[in-house]
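Protein chains in written order, with our numbering: chain U, 1 to 322; chain Y, 1 to 223; chain E, 1 to 114; chain Z, 1 to 533.
Be a bit skeptical, because a hint or two may be false.
Stated by the list, open to error - For lysine-lysine, the following DSS-like pairs were computed, each having C-alpha atoms within a straight-line distance of at most 30 Å: (1) Lys533/Z with Lys60/U; (2) Lys56/U with Lys504/Z; (3) Lys295/U with Lys319/U; (4) Lys125/U with Lys231/U; (5) Lys272/U with Lys322/U; (6) Lys17/Z with Lys58/U.
Honestly, the hints are just simulated from the structure, not real lab data. Here the structure is a predicted model, which is why all the values come from computation and not from measurement.
The lines below spell out each chain.
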Amino acid sequence: MAIWTLLMNKAMADTFMPAQGTEIAKSVDNLYAFLVVVSFISCAILIGGMIYFAMKYKRKSANDKTAYITHDTRLEVLWSVVPLIIFMVVFAWGWVIFHDMRSMPADALEIQVTGKQWAWTAEYKNGVKSVDIVVPVNRNVKIVLASEDVLHSFYVPSFRIKQDAIPGRYTNLWFNATKLGEFHVFCAEYCGTTHSGMITRLKVVSQEDFDKWLTSESEIGTLPIAERGRKYFQTRACASCHNVDNPAAKVGPSLYQLFGKDESVQEGGTVKVDENYIRESILDPQAKHVTGFPKPSPMPSFQGQLSESELAALIEYIKDLK
Amino acid sequence: MSTSRLINGVEVASHFRDVNHQYSSNKEGIWLFMVTEILMFGGLFVGYIIFHSLYPEMFAEGASYLDWKMGFVNTLVLIFSSFTMALGIYYNQVGQPKRATWALAITVLCGAIFMVIKYFEYTHKFHMGIFPGRLINPEMMAEHGHPMQHANLGMYFGFYYCMSGLHGIHVLIGMGLITWVMIRNIKGEFNPKYYTPIEGVGIFWHIVDLIWIFLFPLLYLVG
Amino acid sequence: MANNQSHHNDHGAHAEPHVTPLRTYLNVGAALFALTFLTIIAHVFKAHYLPLAPFIAFGIAAIKAFLVMAWFMHLKYDEPSNRVIFALGFFGLAVLFAFCVIDIFTRVAQGTVL
Amino acid sequence: MGHSSGKSYIYEEPGLKSWFTSLDHKRIAILYFVAVMFFFLVGGIMALLLRLELFAPNTSANVGQILKNGDAYNQVLTYHGAIMVFMVIIPGIPAILGNFFLPLQIGAKDVAFPRLNLMSWYVFMLGASLAVATFFASKIDTGWTFYTPYSIRTGSSVVMMVVAAFIMGMSSILTGLNFIVTVHRLRAPGMTMFRMPLFTWAIYSTAVLQVLATPVLGITLLLLMMERVFGVGIFDPKLGGDPVLFQHFFWFYSHPAVYIMILPAMGVISELITTYSKKTIFGYTAIALSSIGIAAVSFFVWGHHMFVSGQSELAGVLFSFITMLVGVPTAIKMFNWLATLYKGSITFSAPMLYALGFMFLFAIGGVTGIILAVTAVDVHFHDTYFVVAHFHYVMVGGTLMAIMGGFYHWFPKMFGKMYNELTAQLSWVFIFIGFNVTFFPQFILGAKGMPRRYFDYIPEYEQLNKISTVGSWLIGIGFLFGLYTIIRGLTSGAKAPPNPWGSKTLEWQTESPPTMHNFDHDPIVTAGPYEYK
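So here's chain U without its partners, still in its complex pose (with noise of 0.2 Å):
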C-alpha cells in the first residue's frame, strides 16, 4: 500500500502536479494520490455499475417484468457505513498534514510579505525590501502575511501552501523548501483589475547565496542613482502596469522613451512629461488622464509612501529609459 501509494504519487507530481517543492508537499500529494484512487474505484463501482445495468436490463418490450424490490437494509447500511469510514480515514489524515502545516516552528528565518493590489513585498529581518522572495535552501521559512488594501491570498503550488492575507491583521504560514530553483507566487483571492498579474517568483536558493544576496541588496543605498531607482520600480510593482522596454500600454501608459514627449490628456490640452508631471502622476494619479486610458485611473496614489530620494530616484530612472 504505502509503495503503492509512493508510486501513484511520483507519477502524478510528474504529470498532473507541480514540482514538489517541500516535504509537506509529498505528504499532501500522498493523501491526494489516496484520494484519487478512492475517487477513482467509487466512481468506477458507481458509473460502471450504472453502464453494466443500462445495458443489462435494457427495456425488451412495453411490458417488460421488473422485480420489485424495495429496499435492503443490509446494502444501505453497508453503503452508509463504508463511505463514512473512508471519510473518516481521509479526514483524519488531512487533519494531521493541516496541524503541520498551521503549528509554526518556532526557529524559522522570518519574512514579512504584504500584498498590494497588485503585488507583494517581502521585507527582510535587516529591512532589505524586494519583489522577488528569496528563501534559503532546507531552512524553515515562516512568512508572516499582511494586506494594505482589499483580500489577497498567498499561494505556492509547488509548496501546496497558501494563506490569505487579510487587511488590518496578520495571518502566516510557513515552509521548509527542499529543492533549489525558482518557483511561482500567484495571489489566489480575487482582488480586482490585475488579480492575474500578482504573480511574483519565490527562489530558493543555498544559505549561502541567501546570505550574499542579503547583503547586496542591503548596500542598495550605494547604488548609482537611476540603479536604485530601478529597484525601487520593482518593488513598487510598477512593473506589473507599465512597459520599461517597449512602447506597448499595458494598464497604464508605456514609460519607455516617454521622458520629454507631449502627450495629450483628457483634462483637455496636452502636458509635456517632465520630473514635475511624473511626480505629479505618481503621487495624484488621479490629476491628468492621458487619452485613452480609464478615467478614474487604476493606479494607487504613493503619496506619503515614498521619500523625496525615493522618488528622485524613480524619476531618473523614467528619464533613463531610452
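Starting from the structure of chain U, add chains Y, E and Z where the hints point.
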C-alpha cells in the same frame, strides 16, 4: 387555480377543505415568515455580541452616549402596545369589534410615540456629531464636550443605527399593517370565526416587541 | 421535522383557536411591566455585581420574551408544529453564533490552539 | 381517465393579461420558465465569452484579447456567476418544476398561498431587473461572493446589485414558505408524508433551506450596503471590522444555497430513474430522509469555503469533519439510484439519458467534493480551477442535467405536446461530451495550480485551457439543439397522452396538460408513489 366559496360565512379558497384548514395553513405561513425575521435580526445580534467582546471599552464608551431612561420609556410603550394588540385579537374573538378597533388604535398610537421618542434620540445624537460608522464627527463631539476616546467608535454607532433603524422600520411597517387591519375591522370584515389577518399582524407586532426586549439591554444597559 | 410529519391530514383538530381570558392578558402585561422595572433597578445597582450584570439583564429579557411568546403570541396554545418552526429560527441563529465564535476566539497569531 | 370537463390551464383564460395576473401555480411556473430561460441564455453567452478570453494567454501573438482588459473580464465573470446562481439555478427547479408539479404530486389544487406565489414572481422579476440594470449603470466586478473589503472599495454599483440580490432572496423565501405549508397542509387524503414522491421530498427539504438560510443573506447584504453608504465598519478592517466575519455570514447562506441548487435536482433524478426503468425506487425512506439529512447538515459546514481565509485551525477542522458527514446521505442516494436500475426495464429516452448523465457527472462532482473537504488537500486546491471544475460538475453536470432531463420528462404534461426524441438526444450527446471536454481539464489545471478568476495565465496552462474552450463550444451547440427541440415541440409536437411514460406518480393521473383545478375528482391515495408491480 384559486377560487373561493363561503363556508359558515367565511370565504374559503377552493384548495382548502374548510375554515380551520385555511386558518391553520395561514397561521403556519405566518410563523414561517416570523422565523425569517428572527434570523435576519439575529445576524445583527451575532455581529454585535462578537464585536462587543472584541472591543468592550469602545462599546462601553458608545453605550454611555445612550440615555437608558429613553430606552426604558420606549420599552414600556412597546410592551403596552403589545398588550393592546393582544386585546385587539381578544375582542374580535369574543365578538366585540368596536373595542377591538379601539385597542388597535391605541397600538398604532403607541407605535407613533415610540417613533417620536426615537426621533428625539436620533436628532440629539446627530446634533452631537454622532453619526454611524465613518461619518462620526469627532470635532463636533469634542465641541459638545465629549471628545471621542476610541478610534473605531463609529462601529458601535454603526450597530446602534443599523439595529435600532431596522427595528424602527419594522415599527413603521407594523403601524401600517395595524392601520390596515383596523380599517378592515371598522368595515366589519372580521368576526369571531375569521380574524386571521389581525392575528398575523399581531404576531408580527409581537416580534417587533420581542426584538426590542433584547435590543434594550443590549444597546442601553450592557455598556 | 419529525413533529411536522404527524400533522398530515388532521382536519384542524389542533387548529381550533383558543380564546385566552382577559384576566391572563392583564396578568402577563403587568408581569412585563414589573420585569422592565426590575431590569432598571438591577441596572442602577449594577456596580455591586458587575460581572453578572449582563447575565441578569439578559436573563430578565429572556423571561419577558418567553411571556410574550407564550401568551401574547399564543404559542402556548398553538399547534406544536408551529412551536417547532419558531424554535428552528432560534436554533439557526445559535448555529451561526456558535461557529462564528468558535472561529474568532480561537484565532492565534502564533502557532495553533490545537 | 376519460374526457375532461374543463379546459386545460393553458386555454382556460385567454389573453396575455390573464397570464400576468394568474394565481394558478402552473401558469406561474410558466412565467418563471420564460424568465429563467432568458437569464440562462444571457449567463450562457457570458460563459462562452469568458472561455473565449481564456483560449490563449494575452501574450499570445495570433489570438488577441477578446475582452478589453482585466476589468471587463472581471465584470463578465461576476455577471456570469450572479446570473447563473441567483437567477437560473436557485429558482430553476423549485420555481419552475416545483411550482408546477409539487401540488400535482401531492394531489392538491394549488399551493397554499397562490397570491404569494404570484407575488414572488414579481418580486423575483423586480430583483432580476435591478440586477440587470446595474449592467447599464456601472458594471460590478466583485464576483458573485461580494467579498469585503474589495466590495466596499470598488467603484461599481455594488449597492444596487446588493439590493437586487436581497429582493431575489425575498422571492426565494416566499417560494420556500409556500411549499412548506403546501406540503404540510394540502396533501390529498391518504397522501402521507411517506407516500410523497421523492421530487416533492426534495423540494420540501429545499424549501426549509430557503426559509432558514436566506434571511441571513438578507442581513449580510443590508450590512454590506450600509458599509458602502455609511461605512458602519462591521466588515471593513480599516474601521475595526472583520472581513472574515463577512465570509461567515455570507457562507451561512451560500453553502446551504448550494444544496438549494442540488437537492431539487436529486429529486428530479429519483423520478426519472424509477419511471424509465419502470421499477420501484430502491430505499424510498432512505432517499427521502437523506434529503432532510443533507438539508440539516448543510447548515454546519459553511466554513469549508474558508480553510485558508484566516479562520482558526479549530474552526477549520470542525467544519471539515462535519462536511464529511454530508457525504454519507449523498452516497446513500447515489447507491440507491444505482440499485434501482438493477433488474429494471431501462429505456434510453432523453430524460433517462440526462438522469444517467447526472449520475456520471455527479459521481465525479461528489468525489472531488470530498477531496476538497480534506483540509490539507484543500489548502492547495482552494480557489484554483479544481474548485471551478468541481462546482461546475455539481451545478451544471448535476443541476442543469436534472433541469433538462426533468424538463423533457414533464414536457408533455406541461404543454400537452410531445418533443422530438432525436434532437433531444442529440442535444444530450453534445452537452454531455462538451461538458466533460470543458471541465475535466480544469481539474488538472487546478491541480497544477492555476488560480480561478484569472484573466490571464502563464503559458504552461495554455494547452488545457484551449481544450476547455473548445468544449464550451460543444456545450453551446448542445443547448442550441435543446432550444430547437423545445420550440419544435411547442409549435408542432404531437398531442401528448395523459401518461406517455407509464409513470405512477399523481401528476400523470390527470390530463395533459392539466385543467385549472388539476384533478377532475380529488384523488384519494392508497399506496406509495412508485408501485411498479
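Here's how the hints hold up against the structure:
{"no.": "1", "hint": "Lys533/Z with Lys60/U", "verdict": "17 Å, holds"}
{"no.": "2", "hint": "Lys56/U with Lys504/Z", "verdict": "24 Å, holds"}
{"no.": "3", "hint": "Lys295/U with Lys319/U", "verdict": "25 Å, holds"}
{"no.": "4", "hint": "Lys125/U with Lys231/U", "verdict": "18 Å, holds"}
{"no.": "5", "hint": "Lys272/U with Lys322/U", "verdict": "17 Å, holds"}
{"no.": "6", "hint": "Lys17/Z with Lys58/U", "verdict": "47 Å, violated"}
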